[in-house]
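Trainee: This note's numbering puts the first residue of the sequence shown at 821, with every later residue one more than the last.
Careful, some of the hints might be misleading.
Pair by pair, the computed Cβ-Cβ distance ranges are [said to hold, decoys possible]:
#1 Ile928 - Gln950: 55 to 65 Å
#2 Leu934 - Leu908: 18 to 28 Å
#3 Glu829 - Leu934: 28 to 38 Å
#4 Ala1007 - Gly944: 34 to 44 Å
#5 Gly875 - Val904: 19 to 29 Å
#6 His968 - Arg1004: 26 to 36 Å
#7 Asn852 - Asn1006: 29 to 39 Å
Computed list of lysine to aspartate or glutamate pairs in EDC-like fashion (alpha-carbon distance at most 16 Å, straight line) [to be verified]:
#8 Lys957 - Glu892
#9 Lys909 - Glu855
#10 Lys830 - Asp869
#11 Lys830 - Glu892
#12 Lys853 - Glu829
#13 Lys909 - Glu867
#14 Lys830 - Glu855
#15 Lys830 - Glu887
No wet-lab data here; the hints were simulated from the structure. C-beta: ideal position from N, C-alpha, C; glycine also.
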Amino acid sequence: MKTESSGPEKILLGIDPGTNVMGYGVLRVCGNKAELVVMGVIDMRKESDVYLRLGRIFERVTGIIDEYLPDEVAIEAPFFGKNVQSMLKLGRAQGVAIAAAINHDVPIQEYAPLKIKMAITGNGSASKGQVAGMLQKLLHLRDDQMPHFMDATDAVAAAYCHFLQMSRPATDTKHYGSWKDFARKNADRVR
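Please work from the sequences and hints to get the whole structure.
Mentor: Structure, rendered in structure tokens:
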């Protein structure tokens, strides 16, 4: 599907980090339209050595970057759960994917799972299935184009969330941590 150009084309790579299965998705953005280029997973379940898994992540993410030449990478931040060991493993996987992007001088943006779900579905507690279903509608995907692993659609969701964030006009809105912070930064307005 050809998109109408109302600005320069950008390629966005989305990554959903994982130590067993890592999702990736590539979007082509032209102006205010996004289209899916590819989505898939890096399946590391057969590799028992954790360090070889990390090497595989670096190798595959590097290959994806070399093939699709993304302008920017959007990566899902690890979910802060109760299992510290799982968090450490996810953080390593995310770090290796980030290192591959840094190695190629590709800018990276990290998004919390809640922000991604909210951007795609309008509901921060949406299920993976709801996110996948909404992406199917937004990107006009047929049922046979939907992947077996939802890690792939989670990665596309990260890229689509970034696309939506890019589309927002810049504002010079100031942010304040508290009323005291507001008063300090606006002494001329407070009496």
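Trainee: Confirm or reject each hint.
Mentor: To see whether the hints hold, each was checked on the structure:
1. Under the hint 55 to 65 Å, the C-beta atoms of isoleucine 928 and glutamine 950, about 26 Å apart, miss the expected range.
2. A C-beta distance of roughly 21 Å is found between leucine 934 and leucine 908, which places it inside the suggested range of 18 to 28 Å.
3. At about 30 Å, the beta-carbon gap between glutamate 829 and leucine 934 stays in the expected band of 28 to 38 Å.
4. Distance hint check for alanine 1007 and glycine 944: the Cβ-Cβ separation is about 37 Å, which falls inside the suggested range of 34 to 44 Å.
5. Distance hint for glycine 875 and valine 904: a CB-CB separation of about 24 Å, consistent with the stated range 19 to 29 Å.
6. Judged by the Cβ atoms, the range 26 to 36 Å given for histidine 968 and arginine 1004 is violated: they are separated by roughly 54 Å.
7. Range check, asparagine 852 to asparagine 1006: about 35 Å between beta-carbon atoms, so the 29 to 39 Å window is met.
8. Between the alpha carbons of lysine 957 and glutamate 892 the distance comes to roughly 24 Å, so the proposed pair goes past 16 Å and is violated.
9. With a CA separation close to 32 Å, the supplied pair lysine 909 and glutamate 855 exceeds the 16 Å bound.
10. This hinted pair does not check out: lysine 830 and aspartate 869 have alpha carbons roughly 36 Å apart, beyond 16 Å.
11. For a cut-off of 16 Å, the pair hint linking lysine 830 to glutamate 892 stands: about 8 Å separates their Cα positions.
12. A C-alpha spacing of about 10 Å is found between lysine 853 and glutamate 829, which places the hinted pair at or below 16 Å, so the restraint holds.
13. Distance hint between lysine 909 and glutamate 867 is fulfilled; the C-alpha atoms sit about 15 Å from each other, no more than 16 Å.
14. Straight-line distance between C-alpha atoms of lysine 830 and glutamate 855 comes to about 11 Å, which keeps the hinted pair within the 16 Å bound.
15. The suggested pairing of lysine 830 with glutamate 887 holds, with an alpha-carbon distance near 14 Å, which does not exceed 16 Å.
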